[in-house]
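Each protein sequence line maps, in turn, to chains Y and A. If you read the first sequence in the numbering used here, its first letter stands for residue 79, the second for the next number, and so on. If you read the second sequence in the numbering used here, its first letter stands for residue 294, the second for the next number, and so on.
Just so you know, the hints here were simulated from the structure itself, not pulled from any lab data. Be a bit skeptical, because a hint or two may be false.
Claimed, not checked - List of simulated lysine-lysine pairs, BS3-like, C-alpha gap at most 30 Å:
(1) LYS206(Y) / LYS590(A)
(2) LYS368(Y) / LYS553(A)
(3) LYS368(Y) / LYS209(Y)
(4) LYS368(Y) / LYS588(A)
(5) LYS588(A) / LYS208(Y)
(6) LYS206(Y) / LYS588(A)
Remember, predicted model here, so these are calculated numbers, not experimental data.
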Amino acid sequence: MAVSVDEAVSTGPARDHTPPVRRLGGRGRSVLEVTLLTVLAVVMLFPVLWMIETSIKENRDVYAIPAKFFDFKITLDHYKDVFVNPDGGRSALSVSFLNSVVVAGASTVLATVLGVPAAWAYSRFAVKAKKDQLFFILSTRFMPPVVVVIPIFLMYRQVGLIDNKLGLILIYTAFNVPFTIWMMKGFVDEVPAEYEDAAMLDGYTRLQAFRRYTLPLLVPGIAATAVFALIFSWNEFVFATFLTSSDDVRTAPPAIAGLIGGTTTDWGLVAAASVVFALPVLVFAYLVRKHLIAGVTLGAVRR
Amino acid sequence: MTPPAPGRSRRLSDRWLAVTFISPAMLLLLAMSVFPLLWALYLSFTDYSATRGGRANFIGFGNYTAILTSAQVHTRALTTLIYVVGAVGLQTVLGFGIAYLISRRTHGRGVLTTLFLVPMMLSPVVVGLFWRFMLDAQFGVVNSMLGSVGLGQVEWLTRQRTALLSLVVVDTWQWTPFIMLIALAGLSAVPKYLYEAASIDRASEWFRFRTITLPLVWPLLLIAVMFRAIEAFRLFDLVYILTNGGPGVSTETLSFHIYKVAFLGFNTGTASAYGILMVLVVIILTQFYLRYLNKLKEG
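Sequences and hints are given; from them, build the entire structure.
Written out as structure tokens, the structure is:
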């Protein structure tokens, strides 16, 4: 990684020295830039490649000094360990993956059901202090999780939601709703209100006009928004680790983090579990790449 | 199919629709975000402990004065500041640099961008765990590579100075793509004719960069930087997994310290006051961010 720091420093001067480089011709400069980009891309991607490599190495190759880059034997044992216990039966990790699917899925559905109508209402109607309301909504998303988790923990202890999937689903819904509203408001704004007005002139009520004309146009936007909500819930760690404890309820992030901390850590297993965990996220993120900017800025920035 | 409704009742039903559509989401936020914070606010004036149980005694601003005058908290604040400035600064320089280089390419921009974005989508758990493995002093691949080019071994995560540096490096690795993505959007929105006009005037590359590119991209870039600064300020998970605050307290950020006070020290009252103070800072930062965003949208 030290390499990347050097690169950061050298990008500046490279740009400053343009005149001499340009005298070399656009070609020389182009080669320089491509080389620089390639080096940076390798540095950025190396950890990911190393993770994949580690996940298919035998244990003695994982800990080899100096590190083995190419000459190692490929094994899928670590992947087997992710899903199956050594003595047969499902592993605790695979149960946690299933929990993650349930929790992320349910919270995403809930956030969509709550957020999309609200976004439509904020987009279409004159709501009192609309801007303040929208600011307030997004502000809740910026609260430090460690701070929020203290009273949530006490609250959940009172009502028996500690170590309960429903508790996680509720808190994830709460942090996905602000995102859904902001993201979806952008999509609704793009659909002309005139469609609904025209439908209403034809005799439909406002609600019918929304369902028949606006909603179908919003489907791609809803899908993209839901995918981001899914990714956020899937990746979440702080609430998951403080609000759950048993293997039956725990989601994948704390379960994977729990693989270290014993006397010895099976890094091959950690790598395999991480790959299994990260792969769906990367696939989903690729599907919504067109909306990535809006997604990662919580719907605040749009092109 | 209902007949067209007359004007007045239509407006009434609009309001009714707005209320029924907005209030469920609002109620959830009030119950899960506002109510907990109010509860924390109440606890922050008491000596309540979640484990000891018993009654919460009102102690006024005791917790607040204790925190604001605590040397421990000052140390954590400084650590957080170094981390935020270091990581966000590095990300901005690197992210903008990469975006600038990509924006000058005509071929393969899509592929390049996609590749560069991978780290950003990973969970902090995966990132933290994996870098912990790569930075391991004995069998870590980073030291192995340093060794093969004849450089000495570095105890990345077990020495005070290098541990904080490692945290900055890992965060930079994960979030440089974020700045890059937004800078790239800004760069590709710069109208081409401006550059053409400048090249007719034989303006130097540096001049063009300073007078056209930077002023046009800067507002958007600032949004990204502010966003990252807020996120970095609340950082917890990466510290928890990568260094667990160690060695000593050298990588304890404010968030991590709150966790220790609340869940290891069980001083719920103190932790709540600590948390409320942090929330205040976040609210101020967020307000700046949102006002600026709003100005940018309207401008």
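Hints and how they fare:
no., hint, verdict
1, LYS206(Y) / LYS590(A), "20 Å, holds"
2, LYS368(Y) / LYS553(A), "40 Å, violated"
3, LYS368(Y) / LYS209(Y), "27 Å, holds"
4, LYS368(Y) / LYS588(A), "25 Å, holds"
5, LYS588(A) / LYS208(Y), "16 Å, holds"
6, LYS206(Y) / LYS588(A), "20 Å, holds"
Hint 2 from the list above is the single one not met by this structure.
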